[in-house]
Every structure is written in C-alpha cells, then in structure tokens.
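Keeping their order, the protein sequence lines are chains A and B. Each residue of the first sequence is one higher than the one before, starting from 1 at the first, in my numbering. Each residue of the second sequence is one higher than the one before, starting from 1001 at the first, in my numbering.
A couple of the hints might just be wrong.
[Unchecked claim] Below, in silico cross-link-like pairs of lysine-lysine (PhoX-like), each with a Cα-Cα straight-line distance of 25 Å or less:
1. B:Lys1365 x B:Lys1130
2. A:Lys72 x B:Lys1635
3. A:Lys50 x B:Lys1807
4. B:Lys1362 x A:Lys39
5. B:Lys1362 x B:Lys1228
6. B:Lys1422 x A:Lys73
7. B:Lys1422 x A:Lys72
8. B:Lys1660 x A:Lys52
9. A:Lys78 x B:Lys1660
10. B:Lys1620 x B:Lys1635
Worth flagging that the hints you see were computed from the coordinates, not collected in a lab.
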Amino acid sequence: MKLSFLIALVFIGISIFLLINASSDLTSYTTFEQARTSKKEVKIVGQLAKDKDMVYNPEIDPNHFSFYVIDKKGDTQKVILKAAKPQDFELSEQIVITGKINGDDFIAKDVLLKCPSKYKDEEVYIKSES
Amino acid sequence: MEPIQYVNEHLWVHYCGHAFLILAFFSGIYTLVSGIVSVNKNEAENSEWLKAVKIGFLFHVVFIFLSIVLIFFMMDRHYYEYNYVWSHVSDELARKYILSAFWEGQEGSFLLWMFWNSVLGLFFWKSLSKVNVAIITIIIGVEIILCSMILGVHINGVKIGSSPFVLLRQVMDIPLFKNAEYTSLIKGNGLNPLLQNYWMIIHPPTLFLGFASTIIPFAYAVSALWIKEFKLWLVPSLKWSLFSASILGLGILMGAAWAYEALSFGGYWAWDPVENMSLVPWIILIAGIHSHLVAKSTEYGVRATILFYIFSFVLVVYSSFLTRSGILGESSAHAFTQMGLEWQLLFFGVVSFFVPLFLYIKSSKFILTPKQEEKIESREFWMFMGCLVLLFSAGLITFTTSLPVYNKILDFIGGLMNVDLKEYHRSAPVNVIDHHNRFQIWIGVFVSLLSGIALFLRYCGYSLSGVNKNFWRNIIITLLSALVVAIFVFQFLNKNHWSLFLLLFSGIWAFISSLVIAISILRKNPKIIASVMAHAGFGLLILGIIFSGINKRNFQPELFFQDVETDNIEGPKKNFLLIKGEPAKLEGYELLYTLDSMDNKVRRYHIQFSKGDSTDNAEKFVLNPEIQYDNKLTKVAASNPATKHYLSKDIFTIISQIPKTQMDATASAAAEDSIDFEQYNVSIGDTFYTRKSFGILKNIRNRIDKHEFETLNTDEQLELDFEFYNLDVKKSFLASPAIIFRENLVYRFPDNIDKLSMRIQIPDTIYSVLNFVPNKIEKKSIELKLNDSIQIGDLKFTLLNLNKNPKAKTGLLVDKDIAVAADLLVTKGGVQKTLSPIYVIRDNQSFSIPDISLLPGLSIYFDKIDPNSAVMTFSFFENYTDISKLKIPIEIAENAPRTDYIVMEVIEFPGINLVWLGSLFMVFGLMIGSYQRRMTNG
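Extracted from the complex, chain A is given alone in its bound form (with noise of 0.2 Å):
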C-alpha cells in the first residue's frame, strides 16, 4: 500500500471524528423545563420578563443581577449571573442564557443579549459572562 494513501486514510479518519466530536457541541436550544430535570449546562432563548424585579445592587454585591426570563414555551424563571448587570439590559428584545439549574434559580454564566441598535437598523450583541 502507498504511504500517501495510508496518510489519507488516517486524516480522513481523524477529520471524521473531530466532526462528530465538534458537532456534539453544537447542542439545541433548551427550555427551562428541561434544564430543571437534566440540571445539565444548557443554552436558553427567551425574553426578559420586562414586568419582573431586575435586582442589581452593587452597594451590597457588584457580582449579583438577579432578574426573570421567559422561554419560548411561556415558562418564567428567575436568573442569577453572577457578574455585573449588562448594559442596556432592559433594552434586549431577544436573550440567550448559558447555565444550569441550581435549586429555585438558573445560575447564568453568560448571558447574551440582542438590542436594537440606535444607530442603525442593525442590531447589536452585548456579551457578558461571569
């Protein structure tokens, strides 16, 4: 057998399971109920629920903003990122939460938020993480 083709074989081989291990990481969208069941790190799309309490005060802990989000089945549960509050926060039409469950709240690690932008029609992403 030629080298050349011993060589292909075994990079096609590595290229296939590097695909498959990428794409393992490439994970769906999650509701909070399943993040209750599975307690596993989970990404969550949803909306701020604007009517809820944003608490952020960094008097008392400037790694504390606790506030609430609605998934896309409607369900709303209260979210701690450890971190400073993001700014434009109130502004986010769309949220993307990355964390787990951990007894009543979704502890975030980062939260990314979707703003409509002031200077164009374009919007902008605002990242944070903790």
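Take the given structure of chain A and dock chain B to it, following the hints.
Below, chain B without anything else, positioned relative to chain A:
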C-alpha cells in the same frame, strides 16, 4: 398630486454617482468579454482585444475612483439629503473620521474592496502578457459582481445592489419630505461613537487590502487552469501570496489589538464568527504558501497549491456572505436583511466556487505529477503534513462558525417540504471559546512540531535524501533544550494539564529550532531570515497565547469586613465596587478613585494604583478608563478600558457599571422621581432637623462655582452652604446646592452627601422669596455716558454698552416699540453683575422695563436718553432686607441613591506582549519574504 419641487438638493451628485457606477459596471463587462476572448483566442500582443482590455480596465478603475471621490465629497460637504451621508456623518463629526464614516457602511466597504482590487489590477495592467490578461479578466469578473452590489437599479421590480447615491427621501417615507425645504431641517446621524477612534481609520483599509489581495494568488491559480500552464505561474505569484498573507495577517492582528485595547471584550480573541471568518482564509493562504514553496522546489504540490489558493479566496467570499447577509444574526429574528443583498452575495459565492471548480475538473488531468511519492525524510513530506493540519484547523473553525447556515438550509428544505424544521435547529456551542480551543490546541501542537521538523530537513528530488548530516544531532539537542525550558516554564502556569504542557513544549521547540536554523544557515543563505522570523514568531505567539490565556486573571478585592454571602454560588468575583475617595485593597495594590470628569461625550475616571509603603520601591500610576456616551448624550454607548503596560504583563481595567443617574437620561429621570424630597424653610445660621441628621445653613452666596458649567454675568445665581451632622456616623458633612435663573430657564445643581444618601436641592420658589417688593421711597438717580462709571455708597455702576435690539421677557415688548437696553455693570464688594434695563418708546409714550437683581438686591430703571448730550438717566432702588430673617426654602431627600461609585474589573494579562511580538514576527517574516521576491516579475 403635484410633485414637490425640492430646493437645496444637490441632485447632480445623485446623477453623476449613478452614472459612474453604471459606467464602471459596463466597462467591467466590456473588459471581461474582451479578456475572455483574448485569452481563449490566444492572441498575440497588441491585438484589438488586448487594446479593449487595456482601455476597458482603465475606464473601470477611473469610474470606481470617481465614485469614491464623489462619496467623500458629499460626506465632507454634509449633503444630508443622501441616505449614506445622513446615516454615517453628522455636523459634530471630526473631519478625520470621514474616512471611518465612509467604510462604516456596506456600500463604502464594497467600494473599498473594489478600490484595492483596482490598485492591485493596475500592477498587471501595466504589461499585458497572456497571464496578466487572464489575471485582469479574473479581477474584473470579481469587480463586476462587487459593483453590482452597489448598483442600486431595479429590473422588473428586483432590486440589484444598494447604491450609496440614494436620496434619503427615496428610502424613507415620512411627512418631512412634504416640505420642499427639508434639507435645511435634517441633521446627520453620525458615526457610532464606538467607531470614533483611530483603529477605525487604519484597521478596515488594511483588512480589506488583505481580503482583496487574496484575489491575486486565486487569479494566478485559476489562470493556470485556464491557460493550462501549470509551472510558470509559480514564480511570479509567490511574492503576491506572501504579500497577501502578511497584509491580511496584519489586518487581523489590528482587529485583535483593537478588541483588546478599545473594546470591552476583555481579550484579543473571542472566537467570534466575524473574527473566525477573517482568520480562516489566512490559514488556508498560509497552507497554500507552504505547498507553493514545495511546488517551486520539487515536482510535487501544484494541485494542492492551486486548490488552496482557490479556497482561500472562496473563503473570503464566504466570509463576506456570512458577515454581510445577516445570517449570523440569531436564527429567529432576521436582523441584517435590510440590505437585501443575500441572493447577490450567494451568487458571488457560487460563481467564485464553481467557475474555478469547473476549470479544475477540466484541466487538472494535464498537471504532471511524479510517479514516485514524497519521501518521509524529505522536507516536502512534512510540509504537506503541516498543510493538512492547517486545513483541519480552517475546516473545524468554519464548521462551527457555519452553524447559522445549516439552520438556514434546514428552513429552506422545510419551506420546500412545507414542514417546520425549527426544532432541529442547533445552537452555537455552550462555551464557544472552550470548543475552539479544545481543537486548536492540537493544531498548535502539530504545526509547531511539523515546522520544527521541516526546517531541519531539505527538499529532495528523486534520489537525494533530505536528511543532512547534522539532522539527528540538531533534532535531539533542540528537543532536549525545549523540554528543559518547557519544564521550567510550566511551573508558572496556573493550570496544569498535560495537553498544555505539550503545547508549551512544541511552541518552545518551534522557537528554538528557528533560532538554531538562523544561527547555522543564516550566514550561508540570508534569504532564510523570512521563514525563520515567521516560524519563530509562531512559537512566540503560542507561548503568548498560553500565558495570557491561562494566567489571565481577575484581581480580587480584599474584603475589610465579612462579606455577606447572598447565595452559595462559587466562582471568582470579577467585579468590585469602588467608592470615590475611599481606598480599596486589590492584590497588593491600593486603588483610589479620585475624580471623574466629562469631556465632550466621554466621562473619564481617574483611578490611582499604588503599591508598596516605602518610597524607594513604591509603584504608583493612574489609569483612566472611560465611559462613552452616545452622540446625543442620552445614554452610555460604551465602556473604554484603560491598560497599564509592563514588559511582562498588562494590567487591564474596565468599568462595568456606573450609578444610574449618570447612565442615561431616562434612567436618571426615573431615579430622580423615585426620590422623596421634603421641604424645609430655614434661616441663615439656624439649626434644623431632617429625618436622620441636623443641618445649618451657613452662607448664601450669589456666585456659584460649578466647574462643569459656564455661567454668564447676567445669570441670577445662588449657592447655599450647608453643614450636616449625622448622629449615627458621628461626622459632619458639607453640601452646597446651587440654582441659576437665566432668562426663562432654571438650572438646578443639587448636591449629594452620598454617605448619608442625602440629596439637597433648591426649589424654584426661592425666586419669589428673595424677589420682595422694593422700597420705592429710596429711589436714587444716576446720569451716565457710555463707558462712564459712578460710585454711590458701596455700589459702582459702569455703562458698558447700548443695545438697540434688546430681548425682554415675552410680552413686554411689541413689534412697533422702539427699545434700547443699557448694559450696566454693577459692582458691590467683590461681586459683579450685569443688569440690562430697557428704555421703551411706544405710541409717543416712554417708559422703562427695569432689570432686577436678587443679590445684591437692586432694581434698576432706564429713564431717559438725552440725544444731544448722550447722557443717560437711570434710577435704582436698593432692597434693604435683612437676609437673616428670610425663610429660605430647600428640599432634602434622605433616600437618594449613591452617585459616587463605579463597579469595575481589573484583569492581569501576563505575557500579552509575546502575542503581539510573535504575531508581528509572522507578519514581518511574510513581508520580508515578499520583498525578497519583488524582482521576479509576472
């Protein structure tokens, strides 16, 4: 309805601009057709078709340049009737940012791309050999597609391109455009404040030159397939590939530096889709350059080189599809589609991929390949391995970044089958950075190792062995020394994982092996400096990435008191609170937020860092992170970090939160509403009790000193000095609220005592309290000429000026009045004030509108003008009131939120300079390589 005849529009720009673009488009098509015919017919030089290419391309370039000049012209002149100008320019925008404004929009950036294509094309246009005609033809093909993006024509209701010369009233339907003189009413939107910095001036043109120049290797590769000449192109094209890779690399590096220095991402690389898609074409280009080097020196690698160069350009096109079509904007909301160019961009991608593919399938069988395989001990074998690894790297990054495309395709298929496939949509990895790093760490290891091995080997033909006599000696010595250094350095890492050790070791080896090559071969072959620099740079970059990435850490505040745990969640506390004037301890540093100041649209904070007690080795520096407000000063637009640079590390600071009242206008108003003020009436010197403290009004002053506010001599100003004492804190505090009455406006300057959550302000009603009825019996008369002064008691009057068009409070003057105001400077003690009583003649009657000053209490009338002697007569009353008996109204709130803090993050980036140094080495290595080959003309 009759069409409106608009005035003051500069319509010639619209017509000229459209004409230029259409002419550029059609001269492009003319050149393309001539070029194709010329190449296919295999015409000799100076044929008619060649002439057509020569003229056509020149015309195209001229029209592109003219369009660009025209856009700059209308931006510079602020022709806001144009949508592009209105969207990107404003009156306040500094002239230097016109460049940034030009390429902020998609249309401008397409033109920038075309500009570079044109400039690059001119190098080939100079002498039209057959290969050069083919290259010009390929460039013009791309130019035509790019030009169509900004053509802005409608054919059968289908919009082709979005023109920068479209009028605002053509894209917007608002009542304003019923006004024929609307141009005088509109103001530009201006440039996004985030983009108003020097990076926005230098980064886009560099990056776009990088993107645009990938067309040269691409065009060489495609022309090789087209004219079936597979070997000759390898010589002239190499300098262009190296040039392209160096400029694209520099552009990406600038983007990374911008992200690190000016934006709030807290790092130089975030695996953001836009970043990824600029990196991927570069990686493929680097792979192409390596196989190109092999192909030049041996019989191998021609096909691979052609494919790599084609892919690199196709990926540039794919990248612009992803970033410009709006497909990257989250799956559900279609955010970026307003340009309506998705299909055109898709067409661009399809053409740039399938045309070369077709040519490749047609012609590749003519490429000669040696029967024998590369030997394992040859340099080319290991270089190809490296190319494959780079291909993996690019493939994996593209695979993940393309996720929105898969969702889109699913929707498309779903649309065809009439089913909703939304539930099969995938989301980006939960942790994107970990996801990419997990794979790319191995790419780093393999590329480093392969670059080390390949450097020590030689190219060989059929017979020679690539192993030279010192090969094993060199390999073993460098490996061992790399191992020793790696073991030593590894201890300083905050995270110990064997894969990290491997990466560290391989990075060090890549660096050391480059050095050894440099020492041993450089004298014999100085040309190798380019490759040595680039490879050493790669090694350094790896080290920098490891150190700045793994050892990056947030400074944690030392707590003076038991921190109240609000929950049981672990993890680092990134942000901390810093109160103005209160020092905080942070990792050995003492931080002091001393002051903040507003300058234009930026609030600048002074944060003082000091370390060490003894004066000898004390370290002290000030960092100025900033908060940037939007163009209308209504809300925060961005937080700009500030960084202290050391050789071995950076200390990076960013403000993550400021008090609501400083954040935006609406939040400030809302915060103000939520405060409960209580009114007190106090006399000077009296002690009064609030809910939690007691206070004394110590002084009433009629000159305020608010350094952020420019006062006028005619202002009625009042400032009250209070001292408050709080029994709980057992401390006294000073506060000085102020108020200014200017014509019909009131400016209030409340003061805060943040420690007591106290806010003190003066209500408007103070005016009526102080403006008591004057004692008319004491009327005194004075006579003055212009510029004369007179002293009466402790009052001094100077007649400064006469004003024939005086302004008075509404309703006091009517149109037919003849009125003259006198500006009188009144001085009492150290206080100066300008008063302007008015002399009025109405229906043969004369009277005066007096001017009244609260402090010093004075009413002054302008009674008479003697036209012969130019003497003016005034009369005034002094208001003798015992100020100590007045009850001054004040408002005090004791639940006001603090306004004197910031929440900030301090991050240490060790080894960040290795990242910059390594990347610059790579960029310069590529540049030098390109420069060395400048004489091999194509």
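Status of the hints after comparison with the structure:
1. For a cut-off of 25 Å, the pair hint linking Lys1365 of chain B to Lys1130 of chain B stands: about 22 Å separates their Cα positions.
2. A hinted pair counts as satisfied when its Cα atoms are at most 25 Å apart, and Lys72 of chain A with Lys1635 of chain B does not qualify at roughly 30 Å.
3. Proximity of Lys50 of chain A to Lys1807 of chain B is assessed by CA-CA distance (about 49 Å); at most 25 Å being required, the pair is judged violated.
4. With a CA separation close to 56 Å, the supplied pair Lys1362 of chain B and Lys39 of chain A exceeds the 25 Å bound.
5. Between the alpha carbons of Lys1362 of chain B and Lys1228 of chain B the distance comes to roughly 10 Å, so the proposed pair stays at or under 25 Å and holds.
6. Distance restraint check for Lys1422 of chain B and Lys73 of chain A: the Cα-Cα separation of roughly 14 Å lies within the 25 Å cut-off, and the hinted pair is therefore satisfied.
7. Proposed proximity of Lys1422 of chain B and Lys72 of chain A is supported: the alpha carbons are some 12 Å apart, at most 25 Å.
8. For the hint pairing Lys1660 of chain B with Lys52 of chain A, the CA-to-CA distance comes to about 19 Å; that is within 25 Å, so the pair holds.
9. Proximity of Lys78 of chain A to Lys1660 of chain B is assessed by CA-CA distance (about 23 Å); at most 25 Å being required, the pair is judged to hold.
10. Between the alpha carbons of Lys1620 of chain B and Lys1635 of chain B the distance comes to roughly 33 Å, so the proposed pair goes past 25 Å and is violated.
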